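Just so you know, the protein sequences line up as chains A and B, in that order.
Residues in the first sequence are numbered consecutively from 211, following the working numbering.
Residues in the second sequence are numbered consecutively from 211, following the working numbering.
If you are wondering where the hints come from, they were derived from the structure by calculation, not from laboratory data.
The reader is advised that the hints may include incorrect statements.
Repeated chains share a single entry, so a pair holds when one copy, or any two copies, can fit it.
Listed next, the in silico EDC-like pairs over lysine to aspartate or glutamate satisfying Cα-Cα at most 20 Å (straight line) [stated by the list, open to error]:
#, residue 1, residue 2
1, K306, E486
2, K228, E242
3, K228, E356
4, K339, E356
5, K228, E496
6, K253, D443
7, K339, E227
8, K457, D381
9, K253, E227
10, K442, D503
11, K457, E356
12, K339, D433
13, K253, E374
14, K253, D433
15, K479, D433
16, K339, E223
The structure displayed is predicted, hence computed values, not measured ones.
Protein chains: 2
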Amino acid sequence: MSAILRAKAQEVEALLEKTLPPSSTPPSIIHEAMRYAVLGGGKRLRAVMAAAACESVGGDPRQVGGVAAAIEMIHAYSLVHDDLPSMDDDDLRRGKPTVHRKYGEAVAILVGDALLTEAFAELARMPEKYGVAFETTAAVIREIAEAAGSQGMVGGQTVDILAERGMVSADLNNLRYIHAHKTGALFKAALRSGGLIGGASEKQLEALTRFGEYFGLAFQITDDILDVVGSKDALGKEVGKDLEKGKLTYPSLFGLEQAREMAKESADKCLQALAELPYESRVLHEIALMVVDRDH
Amino acid sequence: MSAILRAKAQEVEALLEKTLPPSSTPPSIIHEAMRYAVLGGGKRLRAVMAAAACESVGGDPRQVGGVAAAIEMIHAYSLVHDDLPSMDDDDLRRGKPTVHRKYGEAVAILVGDALLTEAFAELARMPEKYGVAFETTAAVIREIAEAAGSQGMVGGQTVDILAERGMVSADLNNLRYIHAHKTGALFKAALRSGGLIGGASEKQLEALTRFGEYFGLAFQITDDILDVVGSKDALGKEVGKDLEKGKLTYPSLFGLEQAREMAKESADKCLQALAELPYESRVLHEIALMVVDRDH
Numbered sequence: 211m212s213a214i215l216r217a218k219a220q221e222v223e224a225l226l227e228k229t230l231p232p233s234s235t236p237p238s239i240i241h242e243a244m245r246y247a248v249l250g251g252g253k254r255l256r257a258v259m260a261a262a263a264c265e266s267v268g269g270d271p272r273q274v275g276g277v278a279a280a281i282e283m284i285h286a287y288s289l290v291h292d293d294l295p296s297m298d299d300d301d302l303r304r305g306k307p308t309v310h311r312k313y314g315e316a317v318a319i320l321v322g323d324a325l326l327t328e329a330f331a332e333l334a335r336m337p338e339k340y341g342v343a344f345e346t347t348a349a350v351i352r353e354i355a356e357a358a359g360s361q362g363m364v365g366g367q368t369v370d371i372l373a374e375r376g377m378v379s380a381d382l383n384n385l386r387y388i389h390a391h392k393t394g395a396l397f398k399a400a401l402r403s404g405g406l407i408g409g410a411s412e413k414q415l416e417a418l419t420r421f422g423e424y425f426g427l428a429f430q431i432t433d434d435i436l437d438v439v440g441s442k443d444a445l446g447k448e449v450g451k452d453l454e455k456g457k458l459t460y461p462s463l464f465g466l467e468q469a470r471e472m473a474k475e476s477a478d479k480c481l482q483a484l485a486e487l488p489y490e491s492r493v494l495h496e497i498a499l500m501v502v503d504r505d506h
Numbered sequence: 211m212s213a214i215l216r217a218k219a220q221e222v223e224a225l226l227e228k229t230l231p232p233s234s235t236p237p238s239i240i241h242e243a244m245r246y247a248v249l250g251g252g253k254r255l256r257a258v259m260a261a262a263a264c265e266s267v268g269g270d271p272r273q274v275g276g277v278a279a280a281i282e283m284i285h286a287y288s289l290v291h292d293d294l295p296s297m298d299d300d301d302l303r304r305g306k307p308t309v310h311r312k313y314g315e316a317v318a319i320l321v322g323d324a325l326l327t328e329a330f331a332e333l334a335r336m337p338e339k340y341g342v343a344f345e346t347t348a349a350v351i352r353e354i355a356e357a358a359g360s361q362g363m364v365g366g367q368t369v370d371i372l373a374e375r376g377m378v379s380a381d382l383n384n385l386r387y388i389h390a391h392k393t394g395a396l397f398k399a400a401l402r403s404g405g406l407i408g409g410a411s412e413k414q415l416e417a418l419t420r421f422g423e424y425f426g427l428a429f430q431i432t433d434d435i436l437d438v439v440g441s442k443d444a445l446g447k448e449v450g451k452d453l454e455k456g457k458l459t460y461p462s463l464f465g466l467e468q469a470r471e472m473a474k475e476s477a478d479k480c481l482q483a484l485a486e487l488p489y490e491s492r493v494l495h496e497i498a499l500m501v502v503d504r505d506h
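With the hints as extra help, turn the sequences into a complete structure.
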């Protein structure tokens, strides 16, 4: 990761540190576990992208704090629930025991619920905390809720689980659905929310949407590839799990080489979308290049 | 339940029927299961109270549709997650198999997540669908999110689980915390949200808050009592589970008679709060009387 992306990720980390309720807030176990689930790692891509999208249309990125915190909480909740024994049953996440391994399954379910809820509370505080207009606040909440819900991220996770259990067919259509919804929807919502706060035009929102869609695709294909060729140390989680579970992936459908090519093409489409925005965004540019070259 | 409360509950049922995505929306299993979790039963007290609170301060209850649907989705999500094997491990809810018994644990977790998310999407649609002001919309979302989160409903469920496992002491302080948060917070948020949409003054909001707090208390004490003296047929769920699990309850702490007396006193406090509102609310009046006399 480049120095600029690392610095941006650290800013988001500091924001989350400040925004999440302190561990001492009762009941302290849930707040301690919420902080454990969210803090201490991650590239914070969604939050960084939201701020960069706002800047790329001429807005003030300091107004995006609520979206940045909320979207990272939503991402973290989705990981906590995805890791549960009845879902992907993962023991490690970012090199640490998953929340249910550390705090038990009941607390992990509640932590996910609490993070999702707190995300919307934080979004509703945007007018007061970040001077976002009330109308924009409602539009952003709708954007993010629709992206995270049953026709967005949760829908993608549902089809993923069904495919893994052989309850829907493991074909390209379903693979595309899973990627667009499970990963793409939240990236897209982060970018569009940043754009909305920055006062983007319809055309600019459309370019940000396209960036998000292709970025999500490139990101997920790379994720699939890393499960095959990555190292446990770099990824901070077990590798080879997709194959072990017979999970639908781009490498399993197309082979490694073609999957790499497809990720690369999607990243190129991202750069094309960026060219349509009024302010050059170095951050979004680097993110688009980084996505296919990352090792974690 | 009185005829008027039954009619109001049916109106809410029709609203939910219309508001939830149809089962045919892909992925259909999640939408089918969301409808299974929400529709077909329940007294819809939270939704009915929101509309009645709006009327009691002179507002138009038709503007409360978003709150009514959202709060019932949040209530339903909390039941789906509370029923999970790693939480209360219940097989029956409203006389039907619980969501995880019917659809499996993974889908049940996702259904809860989806309902919680959809609730906030629906709230964010209030300006468009129900003509609620943008500023009021943000205030209502904040109210409901804070009531449902880690310092509200989820916090109450956390302490409930900890108490059941002997991880916090089973004393009156914790019992009060659990009731005020697990049940009271959402009742209070329903009433206050209805009040906010109806344009309530600070003093009126305060009276609605008091109604909600005492109502929540009366409701939960009665719930505890019904687990001892109720019938499985009337309740649509197993009885005696609290005792079996050594769960902290009002009857276990105070005995049945004194618990009944405490529920009655709380209901009286509700009636006192109602007297401070500008428009007499027959619905809120009946709800306060009904809560201690119900058999389910």
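Hints and how they fare:
Within a single copy, K306 and E486 get their C-alpha atoms no closer than 40 Å, and across copies no closer than 54 Å, so neither meets the 20 Å cut-off. In this homomeric assembly, K228 and E242 come within 20 Å of each other (Cα to Cα) only inside a single copy, at 14 Å, whereas the closest approach across copies is 39 Å. In the homo-oligomer, the alpha carbons of K228 and E356 lie at most 20 Å apart only across protomers (17 Å), although the nearest pairing inside one protomer, at 27 Å, exceeds that limit. Taking the shortest alpha-carbon separations for K339 and E356, only the inter-copy value of 16 Å comes in at or below 20 Å, while the best intra-copy value is 23 Å.
In the homo-oligomer, the alpha carbons of K228 and E496 never lie at most 20 Å apart, since the shortest distance is 27 Å inside one protomer and 45 Å across protomers. In this assembly of identical chains, K253 and D443 lie within 20 Å of each other by CA distance solely inside one copy; the values are 16 Å within and 53 Å between copies. Taking the shortest alpha-carbon separations for K339 and E227, only the intra-copy value of 16 Å comes in at or below 20 Å, while the best inter-copy value is 36 Å. For the homomeric pair K457 and D381, the shortest alpha-carbon distance inside one copy (11 Å) is at most 20 Å, but the shortest distance between copies (48 Å) is not.
In this homomeric assembly, K253 and E227 come within 20 Å of each other (Cα to Cα) only inside a single copy, at 15 Å, whereas the closest approach across copies is 41 Å. Proximity of K442 to D503 under the C-alpha cut-off of 20 Å is restricted to the intra-copy arrangement: shortest distance 17 Å within a copy versus 60 Å between copies. In the homo-oligomer, the alpha carbons of K457 and E356 never lie at most 20 Å apart, since the shortest distance is 26 Å inside one protomer and 38 Å across protomers. In the homo-oligomer, the alpha carbons of K339 and D433 never lie at most 20 Å apart, since the shortest distance is 35 Å inside one protomer and 39 Å across protomers.
Taking CA atoms no more than 20 Å apart as the test, K253 paired with E374 passes in neither setting, with 27 Å inside one copy and 38 Å between copies. Taking the shortest alpha-carbon separations for K253 and D433, only the intra-copy value of 14 Å comes in at or below 20 Å, while the best inter-copy value is 46 Å. In this assembly of identical chains, K479 and D433 lie within 20 Å of each other by CA distance solely inside one copy; the values are 18 Å within and 58 Å between copies. In this assembly of identical chains, the alpha carbons of K339 and E223 lie at most 20 Å apart only when taken from the same copy (18 Å versus 37 Å across copies).
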